[in-house]
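Trainee: Each chain is listed here by its residues.
2 protein chains.
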Amino acid sequence: MTTVAIAPSYSPRTGRRVDGPAESTAEEVAAVLDAAARAFPLVSATPPAVRAGWLEAIAWALEANADRLAALADEETALGGPRLLGELAKCAASARFYGSVAAAGHWVGALVDTVPGPVPSVLRRANVALGPVAVFGASNFPFGFGVLGHDTCSAIAAGCSVVVKAHPAHPRLSAALAELAVQALAEAGAPDGTFGLVSGFDAGLALVDAPEVSALAFTGSQRAGLALAERAAGREAPIPVFAEMGTVNPVVVTPSAAAGRDAIATGFVGSFTLGQGQFCTKPGLLLVPEGSGLAEAVATILAGAAPGPLLTQAIADGYGAGVERLTGAGGTVLAAAGDAAAGDGAVDTGEGGTGKGGTGEGGTGKGVATKSSRAKGGDAGGADEGTAFTARPVALRVDLDELQPGSPFLQECFGPMALVAEYASLGAALAALARLQPSLAGAVMTAGPHDPDAGPLVAALARQVGRVVVDGWPTGVATSWGMHHGGPWPAASRADATSVGSAALLRFTRPVCFQDVPAAALPSFLCDDNPWSLPMSRTSTW
Amino acid sequence: MTTVAIAPSYSPRTGRRVDGPAESTAEEVAAVLDAAARAFPLVSATPPAVRAGWLEAIAWALEANADRLAALADEETALGGPRLLGELAKCAASARFYGSVAAAGHWVGALVDTVPGPVPSVLRRANVALGPVAVFGASNFPFGFGVLGHDTCSAIAAGCSVVVKAHPAHPRLSAALAELAVQALAEAGAPDGTFGLVSGFDAGLALVDAPEVSALAFTGSQRAGLALAERAAGREAPIPVFAEMGTVNPVVVTPSAAAGRDAIATGFVGSFTLGQGQFCTKPGLLLVPEGSGLAEAVATILAGAAPGPLLTQAIADGYGAGVERLTGAGGTVLAAAGDAAAGDGAVDTGEGGTGKGGTGEGGTGKGVATKSSRAKGGDAGGADEGTAFTARPVALRVDLDELQPGSPFLQECFGPMALVAEYASLGAALAALARLQPSLAGAVMTAGPHDPDAGPLVAALARQVGRVVVDGWPTGVATSWGMHHGGPWPAASRADATSVGSAALLRFTRPVCFQDVPAAALPSFLCDDNPWSLPMSRTSTW
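Which chain is which? The protein sequence lines are A and B, in order. For the first sequence, the residue numbers in my numbering are 1 to 542. For the second sequence, the residue numbers in my numbering are 543 to 1084.
Do not rely on the hints blindly, as some may be mistaken.
Said to hold, decoys possible - Per the computed footprint, the stretches of chain A lying under chain B, defined by three or more beta-carbons under 8 Å from a beta-carbon of chain B, are: (1) 118 to 130; (2) 229 to 238; (3) 449 to 460; (4) 469 to 479; (5) 489 to 498; (6) 509 to 523.
As the list claims (entries may be wrong) - Derived contacts from chain A toward chain B, CB cut-off under 10 Å, selection only: (7) HIS106; (8) VAL115; (9) GLN437.
Keep in mind the hints are simulated off the structure, nothing from the lab. Note that the Cβ used here is the ideal one computed from N, Cα and C, for glycine as well.
Build out the structure end to end from the sequences listed, making use of the hints.
Mentor: Below, the structure is given as C-alpha cells:
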C-alpha cells in the first residue's frame, strides 16, 4: 500500500491546518497530461464560438456556486467574503470575455495575401494554437489568477487544452474549482482532457518537463517565476514561459498635484493595503515633492488602518523579513497600521509604537508579521492548531538616492509595505524612475489634464512599465480589449505578453503560413467560405 | 602603438585571401553603441512615414551601386553575378516594403478601449519600439540577410536604431554596405547613430552583452544561434533573441503526384542545389512513394549537375564532415553532381564515382568537399593563395525508419546535400514527419487541388513548420504581408516570430497601455487627431 500525500490547507486567520485533497501521483499526472494531449487537436479544431460556449458554462458554474466557493476561498485565503464574491464575479465575466474574444476571431490574425508574379502566389497566414498549456496560478487571486482565471480561460479560448497546477495556498478551493470545471465542460460538450488539475510540488515539476506541454503560464513571485523559466529552458525542446512576476510599481505625485494631498494619501494607503498589499500591481513606491507634507499625510492615514492576515505563513515570514531588510538598509518607518490605536493595546505586535533608528517616527520594522507557532504536521494529516498569519501594513521613508540598482529597495516586498521618497526636482524624480527595475504598472498623480509635469513623467514611465495610469492607482486591472498586464523583464519574462485582455490569447498561438494550399487541403477556417466568420484581411492590411 | 586586427577576406573560388577592413576596437564598439542609444529616442519618435523615406534612401543607394556591390559580393561569396544582382534588387525592394509597412501603421496595433463603469476608463494600447537592436546577419544572403537585410530594415521600420555585426564571410561587402547606409541615412535626415556597424568576434560578443542593446536578431546556424541565445540569457537583464536557424525542411510527394516524377526530380535538385544548397529553406528531405522511381530520377538529374564553391572553408569542411557522418550512419549515396561526367575527369574529387556501402549507386560521401591548403595568415595581413572551397552536391538515400529523434539525419547538413526516403504508406510518411525536428518550411507535391492525400500531409506539416507550401519548393521566400519565415524551436528560437514579412517589425516592439492619460501627456501618435494616420481600432475590434 502506498502512502498518499495530503495537501495541507491552512486558515490564515488562525493558522489552523486541515487536510486538503490528496496530491497527484506520478501516474495521475501522466494520465492528465495524456488526456490533455489527446484533447488538444479536438479543442483547437473546434470553432471558437463553440469554445465560447464552454467558457460560458464555466462562468455559469462559478456564479451558480458563488457563495460556497467564496466561503471556501475565504477559509483558505482570509481575503474576505465581499472581496472574494467580487473577484468570483469578475472571474466569471473574464471567462465570458475570453469566449467573446475567441469568437470575434481577431486573435487568429487571418490574412490572405496574393503575391503578384508570373504565377501569383497566395499566402494565407493564421495564428494556430500551440498545444496543451500548463498553468501555475497565484495565491493572491484565488479566482482571477487561479484554476479558472485569466491564463486558463485565455488558453482555452485560443484552442489549447489546459493542465493547472493546484496552488498550495488554496488546495481545497483548487479542487472544488477543478471539479466544477470538468463537469461544466463535459456538459457543454468539450472533449475529455480539455481541462485537468494536478496537485503537489512534484506534479508541478512534471508539468514543466512534460513533452506534452507546449507553453507555461505562471503568476507569482520573481523567485518562483525565474526558477520555473530556468527549468523550462533546460528542456530538450524549450517552450515559451509566460511568467508574470511583478516588481516595485512606482507612483509619482507632481508638484501641482501635491495640493490634494489628503485624497492622494488616502488613495495610496487604500491601494497599497488593498488585499493586504498582496497585489502584483501594488504601488510599492510613492515619489512626492519635498516639503509637500504628503509623507506625513500618509503616516496619519496609515496609523488608523488595521492589521490583517496574509495568505500564507511563508508570505508572512517573507514580509517580516523584507521589512526588516529595508529598515536595516536605511528605510525608516513612517507609520504602521494600528499606530493610532497602539495606546489601547488593539495591536499586539510586541514592539509597535516604539521609535527606531533615531527617526522619531512611529512604528518599527520589527513585529510587522507574526511568526506562527503551529506544529509541523508532516504527512500524517489531521488538523492542528496554529497562529494567525497576521501582518501590520507599514510605510517606510527612503532617501531618493538610496533607489539604486542592486539596492533592496528595488526588490518587491510582497505584502502591505510601501516606500515613500521625496524628490527635490522633477529631474531628480525622472532620474530615479530610470534607475528602478521595470515594472508592470506605474502611475502619475496630476493636478489635471494640463499639468505640465505629466508628459515627461508618462514618457519616462512608458519606457519602464507595461501600463501607465494617470490619476488612478495601478491596483485595478480591467479585463478589456486594450488592457496590457505585463512589462519588461523582470516584471514579466516576456515583455510582449499580457496575461489580461484580448491579447492574452496570442501567447498560446504561433503563426503558420499556408502557401498555395488548395481549399481542399487547407484548415477549413482559412477557406474562402470562412466558416468561423473570422475577420480576414487581404494584402496590405492586417 | 596598438596592433589593429584586420578581418581576412577570402575568395571561395580560389581560397585566396586579401585584407578586409580593420576589426572594431572595444572603444569603437562602445562609441557605436552609445550613438545607437542616443539615436533611439529620436528614431522611435519619428513618424513611420518619415522612416519609410530613410529606407527608400537605403533602397536607392543599393540600386545606384548595384554593379559594384554585386561584384564585391561575388568576390567574397562566389554566389554569382546574376544571383547577387537579383538578391540586391530584392533587398532594395524589401527596404521599401518595410518602409511601407511602417507607414501603413498596423504594426502599432493602436487601440482605444473605453471601459464602461461609473467613471469610464480609457485604455490606449500601442506597440512601442524596444530600443537599439543588434543584428547578426547570415553568410548565405549577403544582401537579403546581410547588413541591410530583413532584420535591419524591419527594425528601423519599427523605430529602433540598429547595430550590425559584420559577417566574417563578407567583411569587405559589409563595410561597403555600411558606408552606403550611413551616408544615405544622413542625407535622408536620419539621426546620427540610427545605423552602425561593428566588426570582429569580440565586437559581436560585446553587442550580446551591451546594456544598450534591447533585442538581438540572428540568422545562421543552429550552433551559433543557440550559443548566442545562451549568452544573452546570462545577461543581467535578458533580452529577446530572435534566432532564425533552420533545420531539415521536408517535402512529401503524394502517391498520385509521383507520376510527374521528372518535373519533381528536376525541381528538387534545382531547389536543394540552389545557391549550392546554402539556404535555410533548402528541401533537405524528400519523402517519395516506394517504387515510384523518384529516387532514381533524382539520381539521374543530379549526376548531370556541376560542383561549385561553398561560401567559406568552414562551411565546406562542415559539409564534408556532415556527408561523411550521414553515410557513416547508414545513408547511401544515390548520386553526386558530376557523376555523369566523372568518366572524363571533369570532377576531381579523388573518389568520385566509386560505389560505397554495397549499394552500387554512383558517388560517395567522401571527397564532396575539398580541403583548403591555404596558409594561416595570422594578424599580419597581406594576401595569400589558397584552394577553392569546392563541394559536390550529393543526394543520400535513407531508410524511413532511420529518421528517428536524435539520429544525425534529423540534423541540418548545410550545403548541397539532401536525403531521399521512400515510404510504403501515407501513414508511414505521416509518422515520419512527426518524428522530425520542427522546421521553417515544408512542402507537399500533389497531383492537383483535389489530391486526397494533400489534406492530411498539410495538417501534419502545419504542426511542425512555420510555412507549408503546396506544389512549390520551400526555397522561395516572398517579402510580403502574409509571409511567415520562422518556425517552432529549434528551427527558430521563437516560434511566434518571423524574420520576413510585415510581422517582422513586431519582434522589435512591446505593448504599452496608457490608462486615462490626457492628450497633453500622451505620446502624440496616440492622440485623437492621429498625426501618424494609424489604423486605430476602437473597443471590441483590433
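Trainee: Now tell me, hint by hint, if it's right for this structure.
Mentor: Comparing the hints with the structure gives:
| no. | hint | in the structure |
| --- | --- | --- |
| 1 | 118 to 130 | holds (count 6) |
| 2 | 229 to 238 | holds (count 3) |
| 3 | 449 to 460 | holds (count 8) |
| 4 | 469 to 479 | holds (count 5) |
| 5 | 489 to 498 | holds (count 6) |
| 6 | 509 to 523 | holds (count 15) |
| 7 | HIS106 | 4 Å, holds |
| 8 | VAL115 | 5 Å, holds |
| 9 | GLN437 | 9 Å, holds |
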